[in-house]
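Student: Using the sequences and the hints given, assemble the complete structure.
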Amino acid sequence: AAGPMTAVLSGAEVAQLATPEPRPARRHGIALLDRDVVALESVASELEQAGIEVRLANQPEEMALLLRVDASSFDAVVCDVMSFRPDQNVAGLLRAWDKDRPGLAFFLSYDAQSPVELERARRTPMSLTAGHIQRPLTGARLGETLENLAAKRQPKTS
Numbered sequence: 001a002a003g004p005m006t007a008v009l010s011g012a013e014v015a016q017l018a019t020p021e022p023r024p025a026r027r028h029g030i031a032l033l034d035r036d037v038v039a040l041e042s043v044a045s046e047l048e049q050a051g052i053e054v055r056l057a058n059q060p061e062e063m064a065l066l067l068r069v070d071a072s073s074f075d076a077v078v079c080d081v082m083s084f085r086p087d088q089n090v091a092g093l094l095r096a097w098d099k100d101r102p103g104l105a106f107f108l109s110y111d112a113q114s115p116v117e118l119e120r121a122r123r124t125p126m127s128l129t130a131g132h133i134q135r136p137l138t139g140a141r142l143g144e145t146l147e148n149l150a151a152k153r154q155p156k157t158s
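Numbering-wise, our numbering puts 87 at position 87 of the sequence shown, and it's gapless, one number per residue.
A hint or two may mislead.
Said to hold, decoys possible - Okay, the calculated beta carbon distance ranges per label pair: (1) 126 - 51: 29 to 35 Å; (2) 102 - 136: 27 to 33 Å; (3) 91 - 41: 28 to 34 Å; (4) 123 - 68: 22 to 28 Å; (5) 151 - 35: 27 to 33 Å.
Calculated directly from the structure, the hints in this document are not laboratory data.
Just so you know, even glycine gets a beta-carbon here, dropped at the ideal spot from N, CA and C.
Tutor: Have a look at this one:
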């Protein structure tokens, strides 16, 4: 059943919706779930200057909301292992998010010098993530991750 948002569009409007006006080819978008969002602001602005859309979330609940509302604008989600509470099932959350948004690449970020973080990263099945990213996060590292992702997804015929 359609909600109150039902609007009748003319044929021309429908055609216009179907063919969005040529924006500059959408670069990439990334969502960052992190214990320290403030520290990431400079990284985020670095990425945005490179034409990458960035969304920041401080808690898994915020990320879940972002994925529901705004997921089409990003390609990758980088989750700081320490932004999940110890009682949270990281694998379960990733599976649920993946169901909401199939095809989104999830990365875990952690500090390899920290035994606690290493252990948390290890506990999450590799099959659920597209990879691991070492902290501290930098614009260059995240940009490179997105470039690699895009290259992997490029259809070979071009």
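Student: Hint by hint, note whether the structure agrees.
Tutor: We went through each hint and held it up to the structure:
1. One distance hint, 29 to 35 Å for the beta-carbon pair residue 126 and residue 51, holds here, with the actual separation near 30 Å.
2. For residue 102 paired with residue 136, a C-beta distance near 30 Å keeps the hint of 27 to 33 Å intact.
3. With their beta carbons about 29 Å apart, residue 91 and residue 41 fall inside the hinted range of 28 to 34 Å.
4. Restraint check, residue 123 to residue 68: a C-beta distance of roughly 26 Å satisfies the suggested window 22 to 28 Å.
5. Checked against the hint of 27 to 33 Å, the pair residue 151 and residue 35 passes, with Cβ atoms roughly 30 Å apart.
The structure shown violates none of the earlier numbered hints.
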